[in-house]
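The sequence shown maps to residues 1319 to 1600 in this note's numbering.
Hints are computed from structural coordinates only; laboratory data are not their basis. All values derive from a computational prediction rather than experimental measurement. Do not rely on the hints blindly, as some may be mistaken.
Subject to a maximum C-alpha distance of 25 angstroms in a straight line, what follows is the list of computed BS3-like cross-link-like pairs (lysine-lysine) [as the list claims (entries may be wrong)]: (1) K1539 to K1407; (2) K1496 to K1539; (3) K1485 to K1496; (4) K1520 to K1488; (5) K1520 to K1411; (6) K1588 to K1407; (7) K1407 to K1391; (8) K1525 to K1411; (9) K1505 to K1407.
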Amino acid sequence: MEYKFAFFGTPRFAEIVLEELIAHGLIPSVVICNPDRPVGRKKTITPPPTKILAGKHNIPVSQPEKLEIGNWKLEIGEIDFAIVSAYGKIIPKEILNTPKLGTLGIHPSLLPKYRGASPIQTAILDGDEETGVSLFLVDEKVDHGKVIAEDTTMISTNETYLSLEEKLAKLGAELLIKTLPDHIGGKIIPKEQDEGEATLTKKFETKDGFISRDVLESALKGEKAFWIHKKICALNPEPGAWTLNPTTSGEKRMKLLESELRDNKLVLKKIQNEGKKPQVIN
């Protein structure tokens, strides 16, 4: 029996999940993502990654600015279940309860740890050696619902946000593909999250990426090198790690794009001075 489902997801993480699902023959009836947004310095109106991918496979796309039950079934059609992966909006309870087999979320952490906006970045920043993905029943609270399944993966010393994001997205898709038949067949007993162990992550801003020149120079000599390296790995490409360099015309921003650890010292591998192109060093 074929099941119809909706896929809620917007950024690169969701795109990777969706691509894996499509490759395994799990093609959604509709992709629901955020509206096109201005991107970059020129503020070019750009479609979300999931919209672009859906277009390549002729999958219908819906981009509501605000989710409302309204004529939901008429607009979206009858669906058996829904998948939510980095959608970026709170989904109203009325919509979550529409699919008869429920709404399943893919979250890149081992819930209840690292709920919220930045689980991947926070795991790297905290120096964790292990993380994972959780498959859970979505409710009206943030990453709060009962957990259906989890899987783990290691975080290497030089793991970047982008590399870990891809790894976790693929792991999440694989977990969903493996778990879905048992969930549909009623063979899984969802497990309540331990609220006492819950942690909530925040969305990082430009100011969070600042590293003072003194701290950076100390890290280059070995002091707190591990943590500065983790900050560079976690916060690129957005919002980015950066410092200020003194020049004859005042302080200029220098982006710290890539680093590694050698003999417990920080080594900068790629930087970008203000107004210049990225520069590979060392």
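Right, here's what the structure says about each hint:
1. Under the criterion of a C-alpha separation no larger than 25 angstroms, the hint pairing K1539 with K1407 is inconsistent with the structure, at around 43 angstroms.
2. A distance of roughly 47 angstroms separates the Cα atoms of K1496 and K1539; the hinted pair therefore is violated under the 25 angstroms criterion.
3. About 17 angstroms separates the Cα atoms of K1485 and K1496, which keeps this hinted pair within 25 angstroms; it holds.
4. For the hint pairing K1520 with K1488, the CA-to-CA distance comes to about 23 angstroms; that is within 25 angstroms, so the pair holds.
5. A distance of roughly 23 angstroms separates the Cα atoms of K1520 and K1411; the hinted pair therefore holds under the 25 angstroms criterion.
6. Annotation: proposed proximity of K1588 to K1407 is violated, straight-line Cα distance about 34 angstroms (limit 25 angstroms).
7. With a C-alpha separation of about 19 angstroms, the suggested pairing of K1407 with K1391 holds against the 25 angstroms cut-off.
8. Taking the CA atoms of K1525 and K1411, the gap is about 35 angstroms. The hint is violated against a cut of 25 angstroms.
9. Of the supplied pair hints, the one linking K1505 and K1407 is violated, its CA atoms being roughly 30 angstroms apart against a limit of 25 angstroms.
Hint compliance for this structure: hints 1, 2, 6, 8, 9 are not met, and every other hint is.
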